[in-house]
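There are 2 protein chains.
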Amino acid sequence: MKKSLGAKTLAQPAPVWAVSAYDEEGKPNAMIAAWGGICSSDPASMTVSLRKSRHTYAGIMKHKSFVINVCPTWLAAESDYLGIVSGKKEDKIAKLGLTPVASDVVNAPYFDEFPLVIECELVHTYEVGIHVMLVGQIKDVKCDDDKLVDGKNPDPEKILPLLFTPGTRDYHSLGECVGKGFSMGKKFME
Amino acid sequence: MKKSLGAKTLAQPAPVWAVSAYDEEGKPNAMIAAWGGICSSDPASMTVSLRKSRHTYAGIMKHKSFVINVCPTWLAAESDYLGIVSGKKEDKIAKLGLTPVASDVVNAPYFDEFPLVIECELVHTYEVGIHVMLVGQIKDVKCDDDKLVDGKNPDPEKILPLLFTPGTRDYHSLGECVGKGFSMGKKFME
Chain F
1 MKKSLGAKTL
11 AQPAPVWAVS
21 AYDEEGKPNA
31 MIAAWGGICS
41 SDPASMTVSL
51 RKSRHTYAGI
61 MKHKSFVINV
71 CPTWLAAESD
81 YLGIVSGKKE
91 DKIAKLGLTP
101 VASDVVNAPY
111 FDEFPLVIEC
121 ELVHTYEVGI
131 HVMLVGQIKD
141 VKCDDDKLVD
151 GKNPDPEKIL
161 PLLFTPGTRD
171 YHSLGECVGK
181 GFSMGKKFME
Chain E
1 MKKSLGAKTL
11 AQPAPVWAVS
21 AYDEEGKPNA
31 MIAAWGGICS
41 SDPASMTVSL
51 RKSRHTYAGI
61 MKHKSFVINV
71 CPTWLAAESD
81 YLGIVSGKKE
91 DKIAKLGLTP
101 VASDVVNAPY
111 FDEFPLVIEC
121 ELVHTYEVGI
131 HVMLVGQIKD
141 VKCDDDKLVD
151 GKNPDPEKIL
161 PLLFTPGTRD
171 YHSLGECVGK
181 GFSMGKKFME
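Residue numbers (my numbering), protein chains in the order written: chain F, 1 to 190; chain E, 1 to 190.
Hints listed in this document are in silico derivations from the structure and should not be mistaken for laboratory results.
Small disclaimer: the values here were computed from a predicted structure and weren't measured.
Careful: at least some of the hints might be erroneous.
The list makes no distinction among identical chains, and a pair is therefore deemed to hold if it is satisfied within one copy or across any two copies.
Said to hold, decoys possible - Pairs of lysine-lysine, PhoX-like flavour, derived with a Cα cap of 25 Å:
no., residue 1, residue 2
1, K62, K139
2, K158, K180
3, K27, K52
4, K27, K88
5, K139, K8
6, K158, K3
7, K158, K2
8, K88, K186
9, K180, K89
Bound conformation, chain F alone (with noise of 0.2 Å):
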């Protein structure tokens, strides 16, 4: 029997992912985003949504560039440390150690701790109710070497990508792999 819960977003999973971008002053940010994912295949474009009044969101107005961090289960408090302070109030790069990278792509930094980036140049914004959608394409993908599979996609299971469940408000790891795409499905054909 399903029960009403409301006009909510609880849809799961959600994302973990540190959004970075230079500040207004030209310094490395970073906060934490649930709200996106990838908008197109071609060009190869994601969605993230921020509130305007985020110092993030005013770097990445400025300067038309953000990355995509994805968040390790293994950073899940440092991550998790991006969403609780505001990068108007301290350096929250520096007080975490992490190392910022400049982006050879887009005028935007990484941080090296992190092993999956993804380098996005901002396209488009819409807004949607209190949030901004922001459409970056993206221009570059950069891995660890050593958490490849077959040296050209990144390995899930060394990546281990944090997952955000609304409602609960808990964080998870990643699961199991449970078989492969665009095959699983083919034993219900005759």
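Guided by the hints, dock chain E onto chain F, whose structure is given.
What follows is chain E alone, placed relative to chain F:
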């Protein structure tokens, strides 16, 4: 050492959602989507990207409604099948034995077998490359009452949302809880 992988949709994790709608003839239909996410907290909204050629796309455009059925791990093969075969060619819903239920808040069906469903009214469309990003305003969320925490939030460990990892194109289950959001990071506060 980071390796450049090119401008590809290699973000992790991506969700696995069955997007259901009535088709142009009014028949319940669904497809699998992994390109999407929550896009605003208020009004609660989600985005999902579809190609215009999809059978489901035409139905959503006609009825201005869709439902995000969160795919649980135990329906991985069924969910994958919804992404392999087009509703133009066969009645996938009947073949999989899914039970369509008419939403009471939007003009779309959901499937009783999926434990968590999010009923959306189409409010915006944005073209991004080869995809159209649909923005849906959430009108209600319904969850099986035996899969709730405290009677009000979906329990991730009972919903067991399926995850997709682009690149390797694997499905993974949800892993263990590693901590609470807006809490784990407090250890870095002085």
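Tested hints:
1. Only within a single protomer do K62 and K139 lie at most 25 Å apart by alpha-carbon distance; the minimum there is 18 Å, versus 35 Å between protomers.
2. When the C-alpha separation of K158 and K180 is checked against a cutoff of 25 Å, the pair qualifies both within a copy, at 17 Å, and between copies, at 22 Å.
3. Taking the shortest alpha-carbon separations for K27 and K52, only the intra-copy value of 19 Å comes in at or below 25 Å, while the best inter-copy value is 41 Å.
4. When the C-alpha separation of K27 and K88 is checked against a cutoff of 25 Å, the pair qualifies only within one copy, where the shortest distance is 11 Å, while the shortest distance between copies is 52 Å.
5. For a Cα distance limit of 25 Å, the shortest separation of K139 from K8 across copies, 8 Å, qualifies, whereas the shortest one inside one copy, 33 Å, does not.
6. For the identical chains of this complex, K158 and K3 are inter-copy neighbours only, at 15 Å across copies versus 37 Å inside a copy, given an alpha-carbon limit of 25 Å.
7. Taking identical chains as interchangeable, the C-alpha atoms of K158 and K2 lie at most 25 Å apart only when they sit on different chains, with a minimum of 14 Å there against 37 Å within one chain.
8. Proximity of K88 to K186 under the C-alpha cut-off of 25 Å is restricted to the inter-copy arrangement: shortest distance 17 Å between copies versus 52 Å within a copy.
9. In this assembly of identical chains, the alpha carbons of K180 and K89 lie at most 25 Å apart only when taken from different copies (23 Å versus 45 Å within one copy).
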